[in-house]
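Peer 1: Okay, here's what each chain looks like letter by letter:
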Amino acid sequence: MFRNLTRLAAGLTFLIVIAILISLAYGAAPALHKFGLGFLYNTHWNPVTEQFGGAPAIMGTLITSFLALLFAVPLSFGIALYINELAPTWLKRPISTAIELLAAIPSIIYGMWGLFVFAPWFADNIQPWVTEHTSGIPILGALFDGPPMGIGMFTASLILAIMITPFITAIMREVFGLVPSVLKESAYGLGATTWEVSWNVVLPYTRIGVVGGIMLGLGRALGETMAVTFVIGNAHNISASLFMPGGTISSTLANEFTEAVGDVYTSSLFALGMVLFLVTFVVLAFSRLLILRLEKKASRAPG
Amino acid sequence: MLTIYARRRLTNIIALTLSMIATISGLFWLSWLLWTLLSAGIAGINPALFTQITPPPGSDGGLSNAIVGSLILTVGGVVIGAPIGILAGTYLAEFSRESKIAHVVRFINDVLLSAPSIIIGVFVYELVVVNSGHFSAWAGILALAFIVLPVVVRTTEDMLRLVPNTMREAAAALGAPQWKVTMMIVYRAARTGILTGILLAVARISGETAPLLFTALNNQFWTTSLSQPIANLPNVIFQFAMSPYEDWHRLAWAGALLITAAVLILNIVAHSVLRHKQHSN
Chain U
1019 MFRNLTRLAA GLTFLIVIAI LISLAYGAAP ALHKFGLGFL YNTHWNPVTE
1069 QFGGAPAIMG TLITSFLALL FAVPLSFGIA LYINELAPTW LKRPISTAIE
1119 LLAAIPSIIY GMWGLFVFAP WFADNIQPWV TEHTSGIPIL GALFDGPPMG
1169 IGMFTASLIL AIMITPFITA IMREVFGLVP SVLKESAYGL GATTWEVSWN
1219 VVLPYTRIGV VGGIMLGLGR ALGETMAVTF VIGNAHNISA SLFMPGGTIS
1269 STLANEFTEA VGDVYTSSLF ALGMVLFLVT FVVLAFSRLL ILRLEKKASR
1319 APG
Chain X
452 MLTIYARRRL TNIIALTLSM IATISGLFWL SWLLWTLLSA GIAGINPALF
502 TQITPPPGSD GGLSNAIVGS LILTVGGVVI GAPIGILAGT YLAEFSRESK
552 IAHVVRFIND VLLSAPSIII GVFVYELVVV NSGHFSAWAG ILALAFIVLP
602 VVVRTTEDML RLVPNTMREA AAALGAPQWK VTMMIVYRAA RTGILTGILL
652 AVARISGETA PLLFTALNNQ FWTTSLSQPI ANLPNVIFQF AMSPYEDWHR
702 LAWAGALLIT AAVLILNIVA HSVLRHKQHS N
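Going down the list, the protein sequences come from chains U and X. Numbering-wise, our numbering puts 1060 at position 42 of the first sequence, and it's gapless, one number per residue. Numbering-wise, our numbering puts 475 at position 24 of the second sequence, and it's gapless, one number per residue.
Hints are not guaranteed to be accurate.
Claimed, not checked - Where chain U lies over chain X, by a calculated footprint (3+ residues, C-beta under 8 Å):
#1 513 to 525
#2 587 to 595
Unchecked claim - Below are the DSS-like pairs computed for lysine-lysine, each with C-alpha atoms no more than 27 Å apart in a straight line:
#3 X:Lys631 with X:Lys551
#4 U:Lys1202 with U:Lys1315
#5 U:Lys1052 with U:Lys1110
#6 X:Lys551 with U:Lys1314
#7 U:Lys1314 with U:Lys1202
#8 X:Lys551 with U:Lys1315
FYI, nobody ran anything at the bench for these hints, they're computed from the structure. We treat Cβ as the ideally placed atom computed from N, Cα and C, and that holds for glycine.
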């Protein structure tokens, strides 16, 4: 009896995920039927003419998430290195708790702070300087062109980076802990510096796990909604400049889902949701696989 | 020219300094955020915040309906999600451990855990709102329950696995059937751990906005009816912060301070309990 009850509960978890997939596919069917695969690369999103292409939102999601990783990965590596190798013992606990708290703050709070505090500061102090100094340089100039509005793709990426840093840091610290201490001690014994041990011994040993952790952070960034909705500016176009407003799949859903009229409009939003779910699914599966492989390797190694 | 030793030492010093700067910058963002919340939110904290309902722009009011709405949604989500999560976690830890099914369920649970919360919102919209024809607190509760579920499954399984096998064997040797072993022995030993998992789930959903956008929606007025749209702090904050009105902004900051304080306290309590637990084992 009890055993079956627990099995039922486990089965329910399974069912929910299947049901999510089916309902997204069902909702997305009319749009996919109408636009076909072109939905993925069509750049026009026009509710008036009922022409919907997902490309701006999909591109926005990918660009902001990728940029966020670019900032978050070195930052997380630095923090993990500091806490694991450098910090005095009495400081380890408070610092790691503080970094964990960064992950606990609700995303809407990041959004508000980004919109009211960070974006104006960024527009006043950083943006004009960057735009001025990059103009004229071929690619960089185009990337950082535009009026200093504060909000936009770049700000969204920065805030995403702060939000995912604690997750990547946590995984990095965990996998760094899996390195057999014999390995590290022998490197130190040969006279290696702390940095050389971290870069040439710890990192290669944990490479797979680190990539897995980064993918987990990527999954977070892809699906993040509220913080991005506040600061990205919500525009349906792809602009070359990162300082211009844009949109992501989740911000488009948050802004337009309840206001969408007509079957095709709603269905197109469902299709965007399905793309997002599938992408996060693949990213998660990949990261699990990598972390699992590292754990197997660690359990085989002596020490 | 530097000797090779001096160069290696220099690289080391530069790298370690950079890692220290990374840590300081992490702490810097946290303090900036918290400072903003405190300085902007504290002005709005007064008795009226807890006794009056959300006002139209330009008049006085509080957040009482949103606070109560958030409490109802959170409690509802936990009451539905947590028991199922505990049972599913029990299945993984006690009955199926390393079987194929267990691995599949564990993976699926991870998928649910990392599914973007806005997708959960869209799903519940399709499931409940479209079928019933209107937004309701029930839909919001269900959406939150789907977020609680995977968190509780994860922590329950982890906590049950910490219970030493000798305890199970001792009870089984006394002739106890397996359900009795689980209920009377294993649950009792893992009680604090499981409760902490639920606490973490509460912390996670009390700030969730995205899944409530299309389910519980929002409500300007006082309601405790579960079949109506219901006010909730995150959505009120979203609406008020995006508005052009100064007094709405002030209320939004006060609400933000309330939520963050609640979430951070829950997290700190949960983590310190967990640490204590892991040390004693």
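Peer 1: Compare the structure with each hint and give your call.
Peer 2: Evaluated hints:
no. : hint                     : result
1   : 513 to 525               : violated (count 0)
2   : 587 to 595               : violated (count 0)
3   : X:Lys631 with X:Lys551   : 25 Å, holds
4   : U:Lys1202 with U:Lys1315 : 16 Å, holds
5   : U:Lys1052 with U:Lys1110 : 56 Å, violated
6   : X:Lys551 with U:Lys1314  : 17 Å, holds
7   : U:Lys1314 with U:Lys1202 : 19 Å, holds
8   : X:Lys551 with U:Lys1315  : 21 Å, holds
Hint compliance for this structure: hints 1, 2 and 5 are not met, and every other hint is.
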